[in-house]
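Participant: Construct the entire structure; sequences and hints are all you get.
Listed below are the residues making up each chain.
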Amino acid sequence: MLLEISGLTASYGPVQALFGVDLAVAEGEMLALLGRNGMGKTTTIRALFGLTPASGGRVSFAGREIARLAPHRIAQLGLGLVPEGRRCFPNLTVEENLVVAARPGRWTQASVAELFPRLAERRRQLARTLSGGEQQMLAIGRALMTNPQLLVLDEATEGLAPIIRQDIWAALRALKSGGQAIIVVDKSLSELLPVADRCTILEKGTSVWTGKAGELSPQLQDRYLGV
Amino acid sequence: MITRERLVEITLVLLLAAVPIAAQLLNEPFYLTLATRVAILGLAAVGLNIALGLGGLVSFGHAAFFGVGGYVAGVLAIHAFNGTPMLLGLPGTKLMPFIWIVAILVSGLVALGIGALTLRTSGVYFIMITLAFAQMIYYFAISWPAYGGEDGLSFYVRNGFPGVDTLKPLPFLLICYALLALGLILFQVLRKSRFGAALQGARQNEVRVAATGISPYRIRLVAFVIWAMITGVAGALYADLNRFVSPAMLSWHMSGELIVLIVLGGVGRRFGPVVGAGLYVLLEYWLGGITERWQLFLGLMLLGVVLFARGGLIGLLAGKPRHG
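Chains A and B, in that order, are what the protein sequence lines are.
If you use the UniProt record's numbering, the first sequence corresponds to residues 1 to 227, in order.
If you use the UniProt record's numbering, the second sequence corresponds to residues 1 to 324, in order.
Simulated from the structure, these hints should not be mistaken for lab results.
All clues stand as given, with none of them false.
Distance ranges between label pairs, derived from CB positions:
#1 A/G7 x B/G299: 52 to 62 Å
#2 B/E28 x A/G85: 52 to 62 Å
#3 A/L189 x B/V207: 24 to 34 Å
#4 A/E158 x B/R293: 51 to 61 Å
#5 A/G85 x B/G288: 44 to 54 Å
Chain B stretches covered by chain A per the calculated footprint, using a threshold of three residues with CB under 8 Å from any CB of chain A:
#6 190–198
#7 211–217
Only part of the chain A face toward chain B is listed, based on derived beta-carbon distances under 7 Å:
#8 P71
#9 E96
#10 A101
#11 T146
Quantities reported herein were computed from a predicted structural model and do not represent experimental measurements.
Glycine residues also receive a C-beta, built at the ideal position from the N, C-alpha and C atoms.
Facilitator: So this is what it looks like as structure tokens:
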């Protein structure tokens, strides 16, 4: 396994948010991290990246224990994050946003431009002047520039227009067929499930179900994901 | 296409170049001294512009590096003048390039130590702890009688530069212009570099920078050290301009002046430090000639800039910055 999380717990001050999360991602696999709002998806991702310190449990990435490392060390080891809410550097240009993140590997400005041609057209524009969809493409491009072994997207398409969502999903499918391991959080099951290999469902800070994407029955969906 | 900001910059360069000519024509050699002050304060502010403008590091301790640079020049010159050895038996020197290198190294080392500790804090704590370190160095200088203590250190002959008569105002001014130009070029190169992008990124959002595998702490520490090095050179020049160095160069007034100056000029703008230094020196000269309380008017002007012209004078003249 590329990534193995077991018994992960984390708190925001006195409030415990994760009570034991287990999940695993293999090389080249896409894992969908599911659950209703407030069930711990974002906290799991934050704890994985060291942004919210894990209070217990193990996080093993490429055979290394990473649970106590600083965020930049974790990123250096090959974890790429696309944070919730299309977080670019608003006052840097598209090019600068990409260059900042660059680490040696197959992803370069040129290959990111191939994946997202719209970014190439807006190379010299400030990130804050981009549309929401373009900012999300930039956030994905920036994460790819670190040449991650595992790409993690928190809310991959939230709040984007349908036509842009299609572009993002197409890009993610292309990444997956290129062998990229991915964890993705998204609300749109109809778009997510056909692409994902496996799913892990979180409820109240605990992983309650893990299985193949095709085995996620309507009953399960209703029980854990319905509103 | 030529932008408004570029136009303003070209005008400024021409103005600076016109000062020596005007001084010659009007037979007012004092103008040269004023321009030299502008160049030196401008250079110190360029250093600050890297840390404050790009990195968002508000500190109250940069006078420490300005003063350290000044004392390096003073101490080396005094030992060379008296022919006495310094610490470890090393000789002094009166050679400017050598003094600059020593000033860069010493300021850089001091900044590495101070930065490594202070950059673990942020916001008001960072301001206060940098101030505390600067005051420590200030009181150290005051209580060090070997180098003048409270009275400071006078050296009678300005340090030399190979092939240049530095005692004449014009050649010294040109040396200061050259170093200011180098400082501005360095600022531009840094701003355009990956390092500059990461530094600005760390100002905008630390977590996002960390998530790209860059340690915000290390980036800031490097910026802090570069800033100190530039400020140190400016301090050495300032000591040479006055042929005098005193604890006043290390005091928090000096840190305040540099911040005021860069806010007046335009934080984060390439020529902000130059405009600020020019304005500051002119006000000091003109208003200072009219009233002793010229800083009241400076204060009013600062208030005006903060309230109505967020981009400083450069912002007022050249419009919004590309980098916000």
